[in-house]
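> Taken in sequence, the protein lines are chains A and B.
Position 104, counted from 1, in the first sequence is what the numbering used here calls 1357; the numbers after and before it change by one each time, with no gaps.
Position 587, counted from 1, in the second sequence is what the numbering used here calls 588; the numbers after and before it change by one each time, with no gaps.
I should point out that these hints are in silico values taken from the structure, not numbers from a laboratory.
Yeah, the Cβ is synthetic: ideal placement off N, Cα and C, and Gly gets one too.
Check each hint, because a few of them may be wrong.
[As the list claims (entries may be wrong)] Restraint-style ranges between C-beta atoms, simulated for each label pair:
1) A:Gly1330 x B:Val9: 51 to 61 Å
2) A:Gly1330 x B:Arg118: 11 to 21 Å
3) B:Ser121 x A:Leu1258: 29 to 39 Å
4) A:Gly1330 x B:Asn511: 21 to 31 Å
5) A:Ile1255 x B:Tyr723: 30 to 40 Å
6) B:Pro512 x A:Gly1330: 22 to 32 Å
7) A:Arg1290 x B:Lys382: 48 to 58 Å
8) B:Ile28 x A:Leu1266: 28 to 38 Å
9) A:Ile1255 x B:Glu720: 22 to 32 Å
10) B:Gly716 x A:Ile1255: 50 to 60 Å
11) A:Trp1292 x B:Asp707: 28 to 38 Å
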Amino acid sequence: MILVLLIAITAFLLNLFLPWWSIALPGVLFGYLFKQRGWPSFGWGFLALFVVWGGQALYTHFVNDGILSSRIADMLGVGSPFIVILVTGVLGGLVSGLATLSGSLLNVKGKE
Amino acid sequence: MQYLKPLVSFLVLIALIVSLNTQFGTIPPLGKFFDPDAGFWANAEVSLPNSDDFSFDELTGEVSVFFDERRVPHIFADNEYDLYFAQGYVTARDRLFQMEMQTYDAAGRLSENLGERTLSRDMGTRRLGMPYGAEKALEENKKDPEIFASLKAYSDGVNAYISSLSPKDYPVEYKILDFAPEEWTPLKTAQMLKNMTRILAAGSQDDRTSNTAMYFGDEFIEKFFSTKPALNDPIVPPTKEWDFEHIPVQAPDTLFKPASAVELESFQRPEGIGSNNWAISGSKTESGYPILSNDPHLSLTLPSIWYEVQLHAPGLNTYGVSLQGVPGVIIGFNENTAWGTTNTGADVMDWYEIKFRDASKKEYWHDNQWKPTTTRIEEVKVKGQETVVDTVFYTHHGPVTKVESDINEGREPVYHALRWIAHEYSNDLRNFYEFNRAKTYSDFEEAVKYWTAPAQNFVFATNEGDIGVYVSGKFPNKWEYQGRTVSDGTDPLYDWQGWIPTEQNPNIKNPERGFVSSANQESAAPDYPYYLEDDYAPYERGRRINDLLAGMNDITKEDIQEMQMDDYSYHASSILPQLLEWVNRDSLNNDEIEILTAVENWNFYNSSDLRAPGVFRWWWSNLYSGIFNDEYRSTEATLRYPSRDRVIEVMKAEPDFAFFDNIETEKIETREDVVTDTFKETVRELTNFYGEFGDNWNWGIMINNDFDHIAFIPGFGAENVYSSGGSESINATRNSWGPSWRMVVEVGPEVKGYGVYPGGASGNPGSPNYDSMLESWRTGELYELQFLKEPPTEFLYQLRFKGN
């Protein structure tokens, strides 16, 4: 859980100032340091950014009364703004999960 | 081996990031796009904009921009430079994407950002000479220090806004299409005005009229295109006396016949483009002061084509709607006067058949000699592809287009040059600059001298009690019917030999009837000594306006507001009673009789909750096709279709009109047959389309109003806006066209304005303001416009600009 929190907080902060792909950096770093096995690393990394991106999207959706998310849902032809929010979370999650996995695999020596 | 796994994992990660950062076809770069901090989520408006202060080196004084509760900016500046700077800044702030798209389109540069899908549009724009015309207009603007200063100030303001943006602040459309705003220049303003000329004054049916004469003969031309409907009700009423010396013009002895029937690109104006305006003298109003009304009909889009603004500076206080990218107010009022506009259909676009000396196209035959052509290289950049280079040849007429069509297969290629008003040197902006400052009627008369194109019917009202209408624009002095057919490019008699002096343009001030009006119909009665055009809008809207105004007295703003929403169909009233008489009832089944009865009981109003308007319109359209399409289909060329008001006259006057027969059948059909058959066809089609006869046949549904986003992004418009109206009604709402701005102004000691447009100040689809006025527009509500004399104490929020 600490891994999730560290990735989430760091990625959230980096994302404020750096391009979107900066969300991969905490995953690589903390994945390396936490030395977890491959799939759990992916899962924790995924969860962290799924919550950060999905959560921000959900918040924006509600504060904006769903005006923009509904239009984007129409544009993408997905029917519901909640799918747009879900996709946001999944995209962030995929990048971070893969990054955390990569970081953990680098430290394969540490596990042995 | 131990490094293989992490290596693969990193490679996959990098591949994922790169692909989520790349645009594939029309799919935006997904990672960038969904990023909650800088992607589209950043465009979701989560709070009202805040008041803010800015300083810019360019400014010499202080500017305060107050936004009212509808977020209309009221700009108070110490001098004109600062005023137009602020106008550029706030317009860009609300409408940047739209400003850029319109000018990219006008410059033939869409493909730079949109790729191959817009290439043919861009090539067409270049061949029309749009960039060429814009460059000439800018040259002329530069000669006028005040106008050029306003253009410069406006550009500086737009650029000050653009340079304040980081990619996350870009309007959402940039993120979808994945490009960035570029620097604004005065040339872009010139391009924007050329775009209006293309929308409003690029109507030409020259080849179609020539073809129609070739296939159906001169008699057909005479009957449908030369003869005017008896109910025509011109803009300048016949009471006007033309007390000037008409400048003669020499016509050729016989009319040129083009080499072959060819199809030029279609430049037909869609019906729906058009507008209403009128001004009523104080003698007919309750207040004793004039009232002015205007509703320009254009393609209804989101964001709206208009942007409401008040401009206040020493010597200037004006309010109205502006076009994004153009300094000043286009339609509006000031403390003393008001003005409105409708489009004039005058023929200012002609095609000339060109005879080249040889395939090099270096010389062409004109006035009994070979003359040199010039060339202009058009480079169209295409996103993701190589630049397309097109060499366009220019004659003294204008740019040359090669016509290729099935009809010409195996024949010599035919070339046509385009003579178009948009290629003239012009300083049209001066016209609005002076309108904004006009105090008396004579100020308007001076201002319109600068107006070249697109030709407009401007109406005016002043607090001195004057009203008037001025058909404004630069008109070639033509011989009768010159340019309605394809012209001979070798004969100087087909050239535009001169111009009608502006003061001889059709115009009238304070007519006896106590009002002036225009609805795109014929400019003047047939005794007007110059030829302008043979193809104006049908008389229906114009006659309805004049009928109503003639019968009204003690007129108030509320009366005019109601009149703007009038949806009476002159068209239906002029033919439906006859159709009901001609239809053969014995051959109708019970369902058809029920529907016919509904139509019979109809009051001719295009109201959303009635079923009859849709049935009638569908029937009329089938009937029109039933009469003409069989003959038109039998020719290999594209022909010109007659106007419905004239067709109705012929239908009534000539029971044996040959076109009633369907030439594709053995039987000889009569008028009764075609009327009855098309009624049955209509019922069948409507039942297929809308189900059994019921509320789903309501006109509000059939009217089919979709407000598309300006770049046609799905979900960013408004679909199926249920509404009354019809293209032949004053409320000319129909099929995504209609009143793009409704305005009523009461001039007088205290001018009062009312208005609405279907949209909102903000161009951001993520803002509740984006379509906030749509419902008021739909129901015919008008907002009282806050025309301020002093900076207000109450406002939604405020931006302040000052120099350093």
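> Now tell me, hint by hint, if it's right for this structure.
Against the structure, the hints come out as follows:
1. Gly1330 of chain A and Val9 of chain B have their C-beta atoms about 34 Å apart, which leaves the hinted 51 to 61 Å range violated.
2. Our hint of 11 to 21 Å for Gly1330 of chain A and Arg118 of chain B holds, since their Cβ atoms are close to 18 Å apart.
3. The hint said 29 to 39 Å for the Cβ distance between Ser121 of chain B and Leu1258 of chain A, and at roughly 55 Å that hint is violated.
4. At about 58 Å, the beta-carbon gap between Gly1330 of chain A and Asn511 of chain B misses the expected band of 21 to 31 Å.
5. For Ile1255 of chain A and Tyr723 of chain B, the Cβ-Cβ distance of about 56 Å falls outside the hinted range of 30 to 40 Å, so the restraint is violated.
6. Against the hinted window of 22 to 32 Å, the Cβ-Cβ separation of Pro512 of chain B and Gly1330 of chain A comes to about 56 Å, which falls outside the hint.
7. The given range of 48 to 58 Å is respected by Arg1290 of chain A and Lys382 of chain B, whose C-beta atoms sit roughly 51 Å from each other.
8. One distance hint, 28 to 38 Å for the beta-carbon pair Ile28 of chain B and Leu1266 of chain A, holds here, with the actual separation near 29 Å.
9. Remark: the range hint 22 to 32 Å for Ile1255 of chain A to Glu720 of chain B is contradicted by a beta-carbon distance near 49 Å.
10. Distance hint check: the CB atoms of Gly716 of chain B and Ile1255 of chain A are about 41 Å apart, inconsistent with the given range 50 to 60 Å.
11. Taken as a hint, the range 28 to 38 Å is violated for the pair Trp1292 of chain A and Asp707 of chain B, whose Cβ atoms sit roughly 49 Å apart.
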